[in-house]
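Enquirer: Chains as they are written, first to last, in our numbering: chain A, 1392 to 1552; chain B, 74 to 219; chain C, 145 to 951.
These are calculated hints, taken from the structure and not from any lab test.
Note that the Cβ used here is the ideal one computed from N, Cα and C, for glycine as well.
Among the hints, a few may not be true.
As the list claims (entries may be wrong) - Result set (DSS-like, lysine-lysine): computed pairs, CA atoms no more than 25 angstroms apart in a straight line:
{"no.": "1", "chain 1": "C", "residue 1": "Lys185", "chain 2": "A", "residue 2": "Lys1399"}
{"no.": "2", "chain 1": "C", "residue 1": "Lys298", "chain 2": "B", "residue 2": "Lys108"}
{"no.": "3", "chain 1": "A", "residue 1": "Lys1538", "chain 2": "C", "residue 2": "Lys214"}
{"no.": "4", "chain 1": "C", "residue 1": "Lys862", "chain 2": "B", "residue 2": "Lys204"}
{"no.": "5", "chain 1": "A", "residue 1": "Lys1549", "chain 2": "C", "residue 2": "Lys819"}
Unchecked claim - Pulled a few chain A residues facing chain C out of the computed Cβ check, cut under 10 angstroms:
{"no.": "6", "residue": "Val1451"}
{"no.": "7", "residue": "Thr1468"}
{"no.": "8", "residue": "Leu1472"}
{"no.": "9", "residue": "Leu1478"}
{"no.": "10", "residue": "His1479"}
{"no.": "11", "residue": "Gly1522"}
Said to hold, decoys possible - One-sided and incomplete, this derived list gives chain C residues near chain A with beta-carbon spacing under 7 angstroms:
{"no.": "12", "residue": "His339"}
{"no.": "13", "residue": "Gly360"}
{"no.": "14", "residue": "Gly362"}
{"no.": "15", "residue": "Met847"}
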Amino acid sequence: MVEKRKIKLKVNGVEMEGEAEPRTLLVHFIRDTLGLTGTHIGCDTGHCGCCTIIMNGVSVKSCMILAYQAEGAEILTVEGLAKDGKLHPIQEAFWENHALQCGYCTPGQIMSTFFLLSRNPKPTEEEIRRGLEGNYCRCTGYVNIVKAVKAAAEKMAKGGS
Amino acid sequence: MHFEGTFDIKAPRQKVWEFISVPNNVAKCLPDLQKLEVLAADHFKATVKAGVGFVKGTFNFEFRMLDMQPPTHAKLSGHGSGTGSTVDLDTAIDLSDLPDGGTRMAWKADAKVGGLIASVGQRLLEGAAQKIVGNLFACLKKQLEG
Amino acid sequence: MAEAILSKEIPVLRKWVGTPIKAKEALRLITGGGRFVDDIKIPGMLYAALLRSPYAHAKIKRIDTSKAEKLPGVVAIVTQEDVLKWCKPYPQIVPPPADKLLDYPIAVGKVRFAGEPVAAVAATDRAIAEDACELIEVEYEPLPPVLDAEEALKPDAPLVHEEVGTNLVWHEVFDYGDVDKAFAEADKVISLKLHHHRYGGAPTETHAVVADYDKGTGVLTIYCNNQMPMFCMALIGLSFNFPTDKIRIITPDIGGGFGSKILSYTYMMLISILALKAGRAVKWMEDRREYLAAGTHCNEATFYVEAAVKKDGTILGIKARTLHDVGAYLRYEPVGALLWIQVSSGPYRFKNLRMDVNAVVTNKGPVAPIRGYGRIQHLWMLERTVEQVARQLGLDPVEVKLKNYIRPEEMPYVTPSGATYDSGDYLTALKKALQMIKYEEWKKKQKELWEQGRYIGIGAALFQDSGTNNFAQVRLIYKNNPFSGQSRMAEMWMDEFGRIIVAVGSNPHGQCHETVVSQVVADVFGVTPDDVFVVPGFDSWVHGWTGHSGSYASQFAVSGIGAVLGAAKRLREKIATIAAHMLKAKPEELEFKDGKVWVKGTDRAVAFWQVANLAYRNVLELPEGVEPGLRVIYSWKAPFKLPDLEKKTVNATLTYSYQAHACVVEVDPETGKVKILDYAVVDDCGVPINPAVVEGQVHGSTMNGIAAALFEEYVYSKDGQLLSSTFMDYLFPTTLEIPDIKVDHMITPSPFTELGTKGVGEGSLVPLGAIAGAIEDALSPLGVVITDSHNPPERIYRMIREAQKRK
């Protein structure tokens, strides 16, 4: 029988715990054990970015991290962005600029945007494209995503979060 | 993939022949041998660890010695699978005498790889296969020369 | 801009149709509240993994699952034995002998492509299921694979399907007009060999199935992300030995489809068989490697084209022999080899066309209706041909295209194949796109740039997106195929509190159906889109459907909306009848506004809930002859006809959106790399219901086309191993590869649809034409001719070197 260990971590501000095997990927732990299914899986080689979350303040592809590595970490997923029913400016900007169609890559795009803007609040278009290079989208052709990130930056400069 | 080569062994042909016709001797030269099961003088199973780049795993092989023409010619054919991949290997060995009493071994190997390693590892495959095959024959030479 | 045609039958307010409101479904998707198949959990559910063939072609001698069965956590394993108990082979739509082709949800007796499923394991978690797959021993006898359509037609070629006796599974010749006369009268005949490569849909969500069999009721519920599961029921019902009345199909949110999520009926059945054997629900999510190998590719086609032309560039006629490499199984084929009939002459007005079409099986992944199915290959071929006609005659490709385009006043235009183009102004669209990239300025600078050693080129192409298809076209494959027309069903009801609910019967995956349906219905009832609730997803026990229902073939704005409009009018009529009775007025005197029904020009009105009260609770107060309730179903049928089997003509599609693309590229002669300097699109999809949704799809299909032209290709080794098996090698473009795309719009409404809408979802991947033309233009001083649809740096580099050697 494979060894299972309990991991404790903070997810979206809430202390959570669950069991995992040494080989369990963080994305599976988040989705299947913690039940937060907003983070998605789109490939098996760490390319598509659908699994992007924020771990200890930095964007990571949760399919490239083992659950055990998240012991004691602070994690932010897409479910943790809206507060008291109010959307985060990034979520608003994506909605207003039609920056999603099927929505499968969207949580990853939003989390990467969150990280980009936390480091660079006024990115140029080039910087936006570089910042989101690790997030694939098949529906939008990226045009409206870039627009949304620009709009989100403006909203946040005016006094979002 | 096709590989071939020749090398000279400082040992007489009969000794070389007797050596390579024993499955145990050949098996010792397989990469990272985990387990060996000799079923007959010309038939054995071997479990090896091999891989290409970051795709490494355990392979279960079954080898047969065929077309034995002592002390000149032999064929070793094997099929292995593991790590979502398959390997089909056909090798031929030809021995000839050298004027100094040694033996010239001319070998050919044809390998067909399928599955995970063939698709994901394909860029590294030829190099890795060449290395494995080369090491196998170098090891045989070393064992024979003592 | 042409005036939109208003529906004459019912005074639609047009307050919401045509406005770019925010997508309703986006709210749950931006907050992580989307519900995709892999998010579904059923108590006791098991997880499946599939063992797939490592060989492109081999006999299956023996499968031994005994070691795998002993692994703790493994509950059930399915191999060909189980499948043969549960399944008959899938029906095929080709005439004999290929109708004997054997096709099952799993490999039976033989594996025919690398990646074909050979066994399925259900275990308590996915990792254990994969470990179990490693323990399954399969003894194969490798066979030589055939990996090229022309090789497959040679007499000594290995047979992919021995039961058929040949690899040529369909052959038909279509002869329109007088091709021989056209060639006799030509000033010049241009010949080309062209190759359209294999690429795929590659949505970010792969295929997924959850099969749940309830022993008590005997109902099998299949959760899946298939784009048209009710169409697939034809195949499931005819092959699965399970009562169809007890199959319930549910599609929740779907993460993109692009045509590849049409053939997953094989997985729907395989996972169901596994669930039936395990006695528990089973979930399977395909991984990306599986998807790239087996999740379906687009038609690969080779064309031998000849064009008969006058020296002024007028095209008299075209002949083409085409070889479609459809992979190891037919599945939906040879429809992909036939669909060029929807756009037989492309945007051009030549009347003489001969198509000698061949569909060939090979030991490669099966093909599916990937975005632009069958039309892209043909339109790309035509565009390449027309550009070479221009170059070989020493004329400007743009001028030759404009000269040969169908004129807007000739619309509706009946093409050689009998398909009728509804409306469109191709000349204006192309000219507009060229203006957007400053064509004249670039042309002036081009010679100077070449002299500086900079290879900059301009390309422009116009492809049509034929939408709302007539299934009768498959009778041109085999006259006995019992399919025809196009239809959709929608159900609509008002609840007793006056709320409007719609169940549409589509399987959207990014097309924002909840939003556009709300807009249309809001206009019929004089409410806002937020007052209309569209039931999310699809459930075959809740949503009305016909055998054509689904989300495919660029048509929701016509067929789905046609059904919605029909249902809305029926419901509105019933409400008006009851309201007229309550207001003691005539139905014609009423208007719907602000959630109430008013007598026009007065302040007398009844609220919806008051009408609903009579219908649901207070039925003795209903007018004579009116049944209780406010629930209607409407089935829409397209005005199609059956084909003329002798002439081989058919009105194959109802509407024709189109896009004109223009681009400027720079080719680096040292590396062969192509940089896009400017990219513009003019899109015309008739009347757009939601311009933001349309524009999003134009961006997406443009990206798809750029990806196919420069980055994405499925490459096989000479042993039939798929080398582009992960995103390391299958180059899905990122934000850095796709430039900013400028879009402008035109509206030429369709005379054939109620609101003047045309379907627009596929978009036809016009970059395949525009970029090929631009590269050829950039390298024209070297005389390079582009004959492949895919031009990565290596290919361009080689062409440049060869051209330089020739000089």
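Enquirer: All hints, please: hold or fail.
Expert: Hints versus structure:
{"no.": "1", "hint": "C:Lys185 to A:Lys1399", "result": "holds (23 angstroms)"}
{"no.": "2", "hint": "C:Lys298 to B:Lys108", "result": "violated (46 angstroms)"}
{"no.": "3", "hint": "A:Lys1538 to C:Lys214", "result": "violated (55 angstroms)"}
{"no.": "4", "hint": "C:Lys862 to B:Lys204", "result": "holds (22 angstroms)"}
{"no.": "5", "hint": "A:Lys1549 to C:Lys819", "result": "violated (36 angstroms)"}
{"no.": "6", "hint": "Val1451", "result": "violated (17 angstroms)"}
{"no.": "7", "hint": "Thr1468", "result": "holds (7 angstroms)"}
{"no.": "8", "hint": "Leu1472", "result": "holds (7 angstroms)"}
{"no.": "9", "hint": "Leu1478", "result": "holds (7 angstroms)"}
{"no.": "10", "hint": "His1479", "result": "holds (9 angstroms)"}
{"no.": "11", "hint": "Gly1522", "result": "holds (8 angstroms)"}
{"no.": "12", "hint": "His339", "result": "violated (25 angstroms)"}
{"no.": "13", "hint": "Gly360", "result": "violated (27 angstroms)"}
{"no.": "14", "hint": "Gly362", "result": "violated (29 angstroms)"}
{"no.": "15", "hint": "Met847", "result": "holds (3 angstroms)"}
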